[in-house]
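Chains U and F are the protein sequences, given in the same order. With my numbering as the guide, the letters of the first sequence map in order to residues 917 to 1320. With my numbering as the guide, the letters of the second sequence map in order to residues 493 to 969.
Hints are computed from structural coordinates only; laboratory data are not their basis. Since we're looking at a predicted model, the values are computed, not measured. The beta carbon of each residue, even a glycine, is placed where N, CA and C say it ideally should be. There's no promise every hint is true.
[What the hints assert, rightly or not] With a straight-line cut-off of 35 Å between C-alpha atoms, the simulated DSBU-like cross-links for lysine-lysine are:
#1 F:Lys618 - F:Lys562
#2 U:Lys988 - F:Lys898
#3 U:Lys1025 - F:Lys958
#4 F:Lys618 - U:Lys1046
#5 F:Lys958 - F:Lys816
[Unchecked claim] Computed list of chain U residues with no C-beta within reach of chain F, every gap over 12 Å:
#6 Glu1035
#7 Asp1238
#8 Glu1296
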Amino acid sequence: MIYNTDVVVVGGGAAGLAAALGAADENAEVILVEREDDVGGVLNQCIHNGFGLQYLKEDLTGPEFKEIMQEKIFNPKIRILPKSYILGVNKDKSVFLVNKYGVHTINTKTMVIATGARERPFSSIGIAGKRPSGVFSAGLAQRYMNLMNLKPGNSALIVGSGDIGLIMARRLTLEGVDVKAVIEIMSYPGGLERNIQQCLKDFNIPLYLSRSVKEISGEERVEKILTTKVDERFNYVDGEDMIFEVDTLISSVGLIPNIKPFDFLNHDNGFITSNTNQTSADWIFAAGNCTVVFDLVDYVAAQGEKAGRFAAKKALKNYEDDKIIKLQKSKNIGIMYPTYINTDFKGELFLRVKKPFNKICIEIPEYGIKKVINEAIPSEMIKIQLRDIKNFNEIIEVKAYEIV
Amino acid sequence: MTFLIAVIGAGVVGTLIARELIKYEKDVAIFDEKSGPGRMVSKANSGIIHGGYDDTPNTLRAKLSYKGNKMYDELSKDLSFDLKRCGSHVVAFEEEDLEYINSLVEKAIKNGVEEYQIIKGETLKKMEPKVNEDIIASFYCPIAGIVNPWMVAHQAARNVEMNGGKLYFNKKLIDVEMNDKRYLLKFEDDFEFEADIVINAAGLYADEIAKLFGDEVPKIYPVKGEYYLTKPEFKYVNSIIFPIPNKISKGCLVVPVIDGGFLIGPNAQEIRDKKDFSNTNEGLSEIREKGLKLVPEINYRQDSVKTFAGLRPETAEKDFYIGKGEGNVVHVSGIRSPGLTAAPAIAQYVVDEIIKKEMNTKFLKRQDFNPKVDSFRVFNEEDIDLWNERIENDPEAGELVCFCNKVSKKDIKAAIKKGAKTLEDIKFLTGASFGECQGSYCSSKIVKILAEELNKKPEDIVMNEKGTWIIDSEVRL
Ligand SMILES: Cc1cc2nc3c(=O)[nH]c(=O)nc-3n(C[C@H](O)[C@H](O)[C@H](O)COP(=O)(O)OP(=O)(O)OC[C@H]3O[C@@H](n4cnc5c(N)ncnc54)[C@H](O)[C@@H]3O)c2cc1C
């Protein structure tokens, strides 16, 4: 079958839903392609609260957030193709996809990629020991618990203090799993402060920093996990071993933007975009965790909506994409988003510092921005508003220096 | 006269022997203590079809590996598994390494291998742009290739079954009795089987199985090899890159995997326990380092998807031991590397040299033997027409379960129909959860499909062996 549309949105998570709504609001015809049975993406399995405070001005659970977005998406301009997987892109601005009705083509004018992120598998980080069953990524454990009503084990160690790891520590505890501890290889936690409080401290679950798994044992199912302290260069420190006797290891060791099958676009980890969410191909936009992993769904949705709007404008020829400058990050910045700025438009800059700082100053003289931040940690994104500026052709550096 | 034949061990060696036997006799049964074919030594190795040039001349190994290599073209067509003759380089860093390369030439000549070339300078760079710049020359063997080793065992076993043979899994042989020149094979859980001829192809355990028959074969000690598997995105090498080997192994190499991605490893560590498949910190850092020496660009942090270990069945003689025991039993033991390469030739050797000649068994070729088996993975991403046709016949062919490797619900169900019961069965047969995300996305869906199709609860689905449970219980009843 052949479909024709103005905008194709790939992925129906928070970014994709918002993109479809944004594009429809700009009067474009939209086709939203989702590989799962239903839209919502990772929102579906996140039954805890903390979603939507900024974007929907309400404290919601993931499924509630999705519900609200889904109601809006019943819109004659938006057509949803669920259980459909995009296989590739043709140069003539068409995409092809597969579902249970066959392989189909969509001819489009522009596209928004909102494919989210996937979890880094624990098996990839080169840990010694046996390979018993009982090792789950946090998202997988979450899916088992929250979507399938299945409990993956009886006692657990959580490796990695990212938000999903922390949330799962609480969730497993609430369902009667004995969570012995959360260990984190860095010297600071990976997740938001509020989650450290609400998911660990409130439940007396210890958090051990600068600690890593040294060896997994267990003939059939996980039996024991040997952990050890690590130094700044992640080398094992002798004499600091701790053994946890658990049948389950839950790992939350990082998210990786999903860039397939669009990896022909410029990417670092995720897609490199501008403040209008344009990628290295002028008709393709990207938003959400496939560009950079955001802290909050609110940021993701806002970026998605923006991407949808610009994709629609571009499709309907209401958008110029030639006034682009590059932003350069200085060395204390780990992640910076976006990388390019279309100076005709406002935008937001998201930064993650490389390591914790007591006091750091972010300075962008061209924008007249000088912002001092106390207690900056990599896990919390710094958000900076950019206004529109005129007449800059050079690369702009985003400076970040420590204040002592 | 017809014979009842039992093959103990469903690795590449056992399954190919059984397939050779079934060309003559219908009553061939394969037994394995694991849940499927190729789950031990044949599972975790480099997957290389070696050139046969470097085996010590005049050993059984040398005699059978070059021959085995040659047999793979036909075998891969008959059994519909992928074979890629990507070639191999043994690389020299220093002048003195050239001596070793020259010795390889001598060995190749003695082993009757003609397909080799010494490659130098720019030519090497063109063939392999990413290898270490310090490499000055290589011994290149264009007939070396790669396969999915467990797929060879799996397809051979299916072919045996198609031709009337029987496959018995989760059957561990624990005792043997001899009655009236017949063997009574006793398995765990009180299962028994009578056979006229037995082939012991029990891999790591072949020496212990020989004892059950009252025979003594060279003692097997395990040598562990650890690996990194990397994702396919970044192309490191086009062919197999070997360093100059040491005494116990061919060294840590960098080798493309036929499904995409690369293996780096194996190291070689003598261990005691035949069940010790664990990775070690020392081992992993050793292979990381050695891999980097061959291909400096390897990015373990970003590109690796998993680490694992395999055990080689080694003997003091460092050669295959294939011989008749006291009665009508053949011990196929010490099948170290390159056992995968030699396996088809081993199978022929066992039947022609031992069973037909030495045992003087009168075997007649069957007229109805069908050498062909269809491909397990019918899927070809490029061929959209074919895909449409498949979906028209079965809509589930269009429902993807594993996105990394594009495995559909139909493929998963087909695997279950063909005997898959565990997550690992599905992984090895369909490639689902073998991709970059290593099942962190799709394994929950596979557990569900397995449970539904097998009429079990998710709690009863295991990863591979008994006891490797995945789900404890329902969260709420
Ligand atoms: C690290 C490593 C790298 C290698 N690389 C290569 C390579 O690149 N190329 C190459 O040609 N070769 C290679 N090899 C060698 C090759 O893998 C082996 O020679 C080959 O797989 C041996 O096959 P097999 O059938 O003899 O053994 P296995 O595959 O172990 O088969 C034996 C079977 O017997 C079963 N069994 C044992 N005891 C019993 C019992 N009591 N009852 C029932 N069943 C039993 C086992 O479960 C097993 O399935 C490598 C090996 C290793 C470990």
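Hints versus structure:
For the suggested pair lysine 618 of chain F and lysine 562 of chain F, the alpha carbons sit about 27 Å apart, so the restraint of at most 35 Å is met. Under the criterion of a C-alpha separation no larger than 35 Å, the hint pairing lysine 988 of chain U with lysine 898 of chain F is consistent with the structure, at around 32 Å. Taking the CA atoms of lysine 1025 of chain U and lysine 958 of chain F, the gap is about 54 Å. The hint is violated against a cut of 35 Å. The straight-line distance between the Cα atoms of lysine 618 of chain F and lysine 1046 of chain U is roughly 40 Å, outside the 35 Å bound, and the hint therefore fails.
In summary, the hint linking lysine 958 of chain F to lysine 816 of chain F is supported, as the alpha carbons are separated by about 34 Å, within the 35 Å threshold. At roughly 5 Å, the least C-beta separation between glutamate 1035 of chain U and chain F is not larger than 12 Å, which violates its mark as non-interface. Under the 12 Å C-beta cut-off, the non-interface status given to aspartate 1238 of chain U relative to chain F holds; the minimum distance is some 32 Å. For glutamate 1296 of chain U, the condition that its CB be more than 12 Å from all CB atoms of chain F holds, with the nearest at approximately 24 Å.
Against the hints set out earlier in the document, violations occur for numbers 3, 4 and 6.
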